[in-house]
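Peer 1: Using the sequences and the accompanying hints, generate a full structural model.
There are 4 protein chains.
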Amino acid sequence: MPKTVFHVDQSKSMRDQEVPGHNRWHPDIPVATRVRPGEEFRVECRDWTDAQIGNNDSANDVRDVDLTLCHMLSGPIGVEGAEPGDLLVVDILDLGPVPQEVGPAPGQGWGYTGIFAKVNGGGFLTDYFPDAYKAIWDLHGHETTSRHIPGVRYTGITHPGLIGTAPSAELLAKWNERERALIEQDPQRVPPLALPPVEDGVLAGKLTGSELQKVAREGARTVPARENGGNQDIKNLTAGSRIFFPVFVPEAKLSMGDLHFSQGDGEISFCGAIEIGGYIDLGVDLIKGGMETYGVTTNPLFMPGRMEPRYTEFLTFIGVSVQHEENRNFYLDATLAYRRACLNAIEYLKKFGYTGEQAYLLLGSAPIEGRISGIVDIPNACCSLYLPVAVFDFDVRPSVQGPVVADRGMQAVAA
Amino acid sequence: MPKTVFHVDQSKSMRDQEVPGHNRWHPDIPVATRVRPGEEFRVECRDWTDAQIGNNDSANDVRDVDLTLCHMLSGPIGVEGAEPGDLLVVDILDLGPVPQEVGPAPGQGWGYTGIFAKVNGGGFLTDYFPDAYKAIWDLHGHETTSRHIPGVRYTGITHPGLIGTAPSAELLAKWNERERALIEQDPQRVPPLALPPVEDGVLAGKLTGSELQKVAREGARTVPARENGGNQDIKNLTAGSRIFFPVFVPEAKLSMGDLHFSQGDGEISFCGAIEIGGYIDLGVDLIKGGMETYGVTTNPLFMPGRMEPRYTEFLTFIGVSVQHEENRNFYLDATLAYRRACLNAIEYLKKFGYTGEQAYLLLGSAPIEGRISGIVDIPNACCSLYLPVAVFDFDVRPSVQGPVVADRGMQAVAA
Amino acid sequence: MPKTVFHVDQSKSMRDQEVPGHNRWHPDIPVATRVRPGEEFRVECRDWTDAQIGNNDSANDVRDVDLTLCHMLSGPIGVEGAEPGDLLVVDILDLGPVPQEVGPAPGQGWGYTGIFAKVNGGGFLTDYFPDAYKAIWDLHGHETTSRHIPGVRYTGITHPGLIGTAPSAELLAKWNERERALIEQDPQRVPPLALPPVEDGVLAGKLTGSELQKVAREGARTVPARENGGNQDIKNLTAGSRIFFPVFVPEAKLSMGDLHFSQGDGEISFCGAIEIGGYIDLGVDLIKGGMETYGVTTNPLFMPGRMEPRYTEFLTFIGVSVQHEENRNFYLDATLAYRRACLNAIEYLKKFGYTGEQAYLLLGSAPIEGRISGIVDIPNACCSLYLPVAVFDFDVRPSVQGPVVADRGMQAVAA
Amino acid sequence: MPKTVFHVDQSKSMRDQEVPGHNRWHPDIPVATRVRPGEEFRVECRDWTDAQIGNNDSANDVRDVDLTLCHMLSGPIGVEGAEPGDLLVVDILDLGPVPQEVGPAPGQGWGYTGIFAKVNGGGFLTDYFPDAYKAIWDLHGHETTSRHIPGVRYTGITHPGLIGTAPSAELLAKWNERERALIEQDPQRVPPLALPPVEDGVLAGKLTGSELQKVAREGARTVPARENGGNQDIKNLTAGSRIFFPVFVPEAKLSMGDLHFSQGDGEISFCGAIEIGGYIDLGVDLIKGGMETYGVTTNPLFMPGRMEPRYTEFLTFIGVSVQHEENRNFYLDATLAYRRACLNAIEYLKKFGYTGEQAYLLLGSAPIEGRISGIVDIPNACCSLYLPVAVFDFDVRPSVQGPVVADRGMQAVAA
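Residue numbers (UniProt numbering), protein chains in the order written: chain A, 1 to 415; chain B, 1 to 415; chain C, 1 to 415; chain D, 1 to 415.
Hints may be right or wrong, so weigh each one.
[Said to hold, decoys possible] Here are the simulated DSSO-like pairs of lysine-lysine, each with C-alpha atoms no more than 30 Å apart in a straight line:
(1) K350(C) to K12(D)
(2) K350(D) to K350(C)
(3) K174(C) to K350(D)
(4) K12(A) to K3(D)
(5) K214(C) to K174(C)
(6) K12(D) to K3(A)
(7) K351(A) to K12(B)
(8) K12(B) to K288(B)
(9) K350(B) to K118(B)
[Unchecked claim] Pairwise CB distance ranges, derived in the manner of DEER restraints:
(10) K12(C) to V198(B): 39 to 45 Å
(11) A415(B) to D393(D): 44 to 50 Å
(12) E325(A) to P196(B): 21 to 27 Å
(13) Q401(C) to P196(B): 56 to 62 Å
(14) R217(D) to Q401(C): 41 to 47 Å
(15) V190(B) to T33(C): 54 to 60 Å
(16) E101(D) to E170(C): 57 to 63 Å
(17) P84(D) to D64(A): 51 to 57 Å
(18) R217(A) to D57(D): 53 to 59 Å
(19) V198(B) to F394(D): 55 to 61 Å
Simulated from the structure, these hints should not be mistaken for lab results. Source: prediction; values computed, not measured. Quick reminder that beta carbons are idealized off the backbone N, C-alpha and C, glycines included.
Peer 2: Listed below in structure tokens is the structure:
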């Protein structure tokens with residue numbers, strides 16, 4: 001079992017740990033610890049909100065969450081010998097919720113899924129579900145159940161929502177430039193088009209004073225995936241995966257967090273995964289000069305592990321890039337097509353007795369597949385959503401008998 | 001073995017068959033044959049271009065293809081008792097290329113993949129690959145190889161690219177209205193935003209005269225997926241799949257064609273599948289009133305079959321919604337994110353000795369997975385492309401040794 | 001599509017084909033046709049009994065079957081350049097029932113599973129089920145149902161029950177010697193310990209007269225698997241498989257037959273597969289001197305294909321090497337342990353309303369897994385039988401509600 | 001995370017734990033702790049030998065192991081309300097090696113595989129490999145490597161080798177009777193046919209004096225699988241599995257141990273798994289009267305979990321029930337057939353540079369499949385062994401180029 005190189009006491013905020021983490025991307029954030037190529041080690045993580053969400057039946061905490069604190073990351077881990085242009089090889093050896101602890105922090109035996117309010121970031125279906133909701137999940141080894149979504153039990157597809165290397169100053173400047181330009185297209189939009197640097201809530205390890213100020217002013221928010229990996233929300237980064245990250249700064253400065261006990265493709269309700277704190281065991285290595293050797297100019301690449309839960313019987317919903325309510329057509333818009341597939345799945349599940357919100361929370365968290373199906377057949381993109389039927393303890397397939405309707409309870413709502 | 005209800009002689013055009021098929025969607029196209037719920041039957045199909053493409057080493061035919069003839073469909077099959085509001089249950093029992101024939105028509109022992117020229121429809125990467133190219137594939141049972149892309153052999157994921165029910169007159173009117181509105185946003189665009197009805201090349205079974213004229217003027221082009229299913233290009237509609245189609249007209253009027261020996265998610269080069277003529281064996285049934293019962297208001301739903309080829313080791317490429325060349329950011333644009341993932345895969349494969357065009361042709365045709373990974377993390381959508389490593393007869397994984405570079409031949413080009 | 005090198009007219013006995021096959025293993029049986037390494041070709045096959053069994057509701061034909069005619073094989077195929085000591089590489093490209101024909105021969109739209117009577121060969125559970133029974137299966141593409149076993153529908157795992165190369169004269173002599181020695185241990189046993197050469201019913205291609213006499217006197221019966229492959233009944237030899245056969249005679253002389261639409265591990269009722277006639281498409285190649293190079297001294301080896309039906313949820317029955325009725329223990333006897341696992345599965349299925357015979361017929365034909373679990377824990381071998389739960393159209397899993405009992409009909413019985 | 005109900009301090013023998021476990025099956029062994037149906041809990045385990053084997057390069061400890069101490073089990077766990085005739089439902093929620101500890105006890109970051117000497121129990125191939133050997137495995141999350149078998153790295157299929165309920169006095173008497181009868185068939189055999197009760201080394205929780213004496217005289221050895229489950233060595237009892245155990249005594253008295261980080265079917269070298277101490281998280285429930293309801297008269301049944309490592313490309317070796325060295329035939333002997341398949345695999349791997357012992361150790365520990373293929377085709381049983389090719393870091397498939405021979409080191413040997 002590997003030694004722990006980044007410790008987290010789940011009873012304390014990330015700010016109050018002996019070695020605190022960070023919540024912005026910036027090359028100046030100092031390494032929290034160093035490892036060598038070939039080494040294996042454990043990193044402990046807080047949940048992405050630093051435990052702002054509680055194990056209760058009210059969604060007030062989801063409604064009121066302070067996003068300037070997010071994502072609360074562990075790291076950076078310096079990798080000796082890593083230089084810009086290398087590929088950093090990262091093996092995810094194992095990961096999971098906080099071991100052998102029951103408590104009030106996410107990951108201590110439980111996790112949560114939230115639908116964010118439109119005024120606070122929204123989500124993929126925010127025009128249809130503008131308010132805040134929540135589901136609490138109990139963890140049973142690799143499986144999970146929720147008192148807020150009865151009738152389902154499934155095997156989690158556990159992964160880090162966020163993992164990445166630090167940007168160089170040049171790369172960071174490009175990020176800020178292009179995201180600022182996007183925001184300026186509609187600066188008052190709710191939810192916003194992108195999130196600019198913000199000084200509130202910033203944490204940058206042990207940095208203080210003017211050094212911290214610099215990170216606060218320039219540091220990229222951690223919400224999107226970018227060239228460094230980051231918040232990719234790729235559910236298939238399960239144990240056994242090997243990731244190849246581009247290296248932009250000396251020592252690579254690998255950081256991670258936002259652990260997900262499970263998540264469907266797209267993490268559609270923004271906080272759609274089962275969010276947990278926990279641990280992640282890693283091995284690292286280097287391919288010197290690998291970015292040029294393998295033509296990796298932008299994003300990481302990876303090989304998924306062998307330990308994904310095996311679901312093979314699916315009910316698949318389809319969507320095309322048409323806004324049906326207004327009979328309006330969009331050009332090869334895969335985002336819209338996938339949104340329609342999600343809405344079609346929700347309408348279907350409502351016929352079995354679930355609320356739309358329950359279905360939305362389920363589709364974000366269960367191991368569903370979201371696929372690009374047709375992307376060239378003008379004008380309609382076509383996307384499909386694969387829902388494993390074994391997730392349900394009743395038969396969810398269409399039949400001449402019709403759906404088994406039942407009282408299926410209720411998600412947590414805001415007061 | 002089921003009886004054949006729609007016959008195709010592969011030595012003749014679809015126009016010259018005893019009972020011809022059709023190449024537009026219109027409720028007035030008469031049924032070619034009738035079946036009863038519970039019945040199993042075979043339908044024979046031409047390739048989607050009606051055999052405009054040849055088994056040779058020139059891409060001139062791809063460059064010059066006449067798209068007004070496409071897609072050449074078999075049907076409509078009338079299903080007795082089907083009424084608007086029902087769900088038509090369609091079991092894909094089996095399908096494949098033209099049985100036991102070797103010849104000049106696609107599907108007679110071979111298939112093709114094309115990159116369409118930008119001036120003739122283009123494709124997903126048309127700004128990067130504006131010209132016409134082609135690869136010919138030899139079929140070996142369930143596997144395939146190409147003289148134009150040496151070093152690969154894979155198991156096809158055979159499916160109908162296009163299958164659907166007929167629209168009602170009202171639904172057809174909605175299609176024409178919304179697609180016309182889209183075209184008007186940029187009527188001169190190359191390639192166009194959508195394809196309006198066109199009289200050239202129309203075929204509507206045995207209709208002639210003013211009845212044919214009506215179909216020619218109003219009939220929807222078959223290129224996009226729509227509420228009736230249609231050209232969904234869902235690679236997972238393999239043998240064993242069960243599809244639930246909305247019924248919009250009496251007798252449902254099921255049509256199909258555009259058989260694919262194999263295709264990756266997205267069929268990215270527009271003609272990216274391995275295109276074949278062949279046969280498809282179906283069973284049909286009805287869920288009366290099923291659209292309302294199951295909340296199916298727009299698209300079909302389906303359950304994939306158990307016979308998909310098993311690939312489990314993948315190399316995964318990632319893309320985000322950034323136009324990196326111009327450092328320009330787009331808002332949660334999954335289409336762009338998937339395009340970037342495709343470009344990243346192509347750059348990678350070029351390091352092994354393939355041309356970009358070969359890689360593009362391969363990604364369209366091999367059983368790759370294209371997934372929506374992050375769709376809420378503003379501003380960047382994140383998509384991922386899963387390439388099965390067993391497709392290659394060399395080790396395509398990254399390593400410290402670097403890629404195995406070799407002369408890997410050449411795709412077919414236009415003169 | 002490959003050319004057919006061995007033709008079968010399903011309306012005629014194998015004896016009356018233009019080029020007849022054979023039903024004994026002997027090096028002197030002349031090649032029926034020749035192929036070259038690298039070639040792909042089709043072979044047509046009769047069912048293993050040469051159509052002694054009919055599509056009806058009586059098991060009299062199973063009871064009265066003449067086993068001296070079995071297995072009726074297609075071949076031998078001579079492979080140019082093959083020499084003793086080589087490995088013959090055989091790719092199973094595709095296979096299936098008789099294409100596009102409905103008729104009275106097995107494989108013409110239907111197949112059968114039989115329980116043989118103890119007096120006529122018996123089966124794995126013959127002490128428990130000594131009489132003859134039958135189930136007829138209708139084929140629906142890759143799936144099958146039986147009027148004799150309602151409530152099940154499954155995807156076949158289609159494979160040749162029997163495929164192998166010809167023995168040399170020396171190897172044949174060894175077979176005859178060791179099997180004769182075994183028979184002599186209990187010559188009157190019913191069923192017998194092994195089957196010696198028998199002149200009745202022999203067929204050896206076009207051989208006649210003294211040459212045929214020689215084959216009749218010496219030719220090994222085709223029932224067991226031996227060094228040449230033969231009747232291995234390996235259900236995983238599905239399309240896409242590559243087999244490496246030892247070569248014992250010049251030209252290898254490959255023969256095959258006994259096609260199975262589906263079969264569970266063990267083919268437990270002797271005629272436990274869904275027996276069909278049909279076709280098999282093959283490719284061949286050679287590894288010169290491969291037996292020595294790869295240490296292949298006895299049996300073939302193979303790589304399974306990618307197209308096996310995907311079942312992942314199983315109910316698993318266990319057995320150990322104890323004769324529980326008499327509380328008698330056997331030493332690491334995997335045969336007995338697997339028999340007990342089969343009996344345990346049958347007792348379980350009877351609780352849902354099936355007869356023991358129906359359950360027995362089902363376990364032989366459905367894609368069940370039979371595994372060696374413990375083979376060293378003295379004195380008990382432990383074997384396990386994995387039954388895919390999706391085979392049933394009701395929930396077959398144990399629960400506090402108890403089994404869903406129903407009238408589940410009846411297998412075909414002998415008059 | 002469940003509470004721990006059975007604690008083990010890995011620095012102490014099982015005898016010296018606060019609540020010791022046991023190493024015999026006997027109804028009088030008192031419960032160590034009690035749980036209620038519906039409860040989830042953790043049990044900690046020693047490796048099966050109570051840490052007689054060390055992390056070093058000598059097999060002396062394997063040669064000299066004291067088997068009277070084995071298997072050292074945790075439990076019995078009493079389940080409130082369980083009565084004879086019930087089915088005890090046991091969910092394996094999670095399991096693994098000793099968490100976060102590095103040390104000298106098996107499971108503290110490492111595990112071992114042993115070939116037992118013929119004079120000390122032997123193994124499946126003891127006539128071919130009569131001496132003691134060992135391999136040490138380092139654990140990397142879900143994967144493992146061995147300095148004694150370089151060139152392989154694989155994902156473990158972690159499971160309890162041994163788990164079962166207590167026998168009733170009547171059942172225990174039947175075991176002793178039938179095993180004694182077996183031993184009497186050849187009392188001097190080496191290795192013995194079965195292991196009778198033995199007083200040396202007995203441990204029965206806190207029992208002492210005459211109560212302990214009774215257990216010592218009557219208690220069944222834990223080596224074989226029996227009606228209560230026990231040492232079934234079923235590699236597929238991975239996390240997510242649900243087992244249904246027959247209940248023979250009040251409170252069921254569930255015990256477990258012999259955790260395996262990984263094991264191939266058959267655990268062929270007797271100590272063929274990667275043996276570890278560690279933890280197992282369980283949930284329990286009851287189906288009252290379930291033995292009668294579901295016809296469970298002898299062995300447990302189970303449903304495998306969804307988290308088995310996904311290997312899909314295999315090299316398969318075949319064996320039939322012939323002793324080839326003497327050309328001697330056995331009647332449908334699956335044990336012999338599987339032994340031949342193992343020997344064929346070993347001969348093959350030797351061609352790549354492994355010693356026979358390394359290959360033997362690998363086949364016992366890696367996630368290989370061992371299948372009953374033909375069990376009715378008189379006189380030859382046919383078994384097959386599926387070796388995942390991805391286990392190796394070189395290409396292990398047969399080809400015209402021949403095997404990649406290399407110096408592949410050496411297993412640990414006895415001095």
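Peer 1: Checking against the hints above, which ones are violated?
Peer 2: Of the numbered hints given earlier, those the structure breaks are 1, 2, 7, 8 and 10, listed in rising order.
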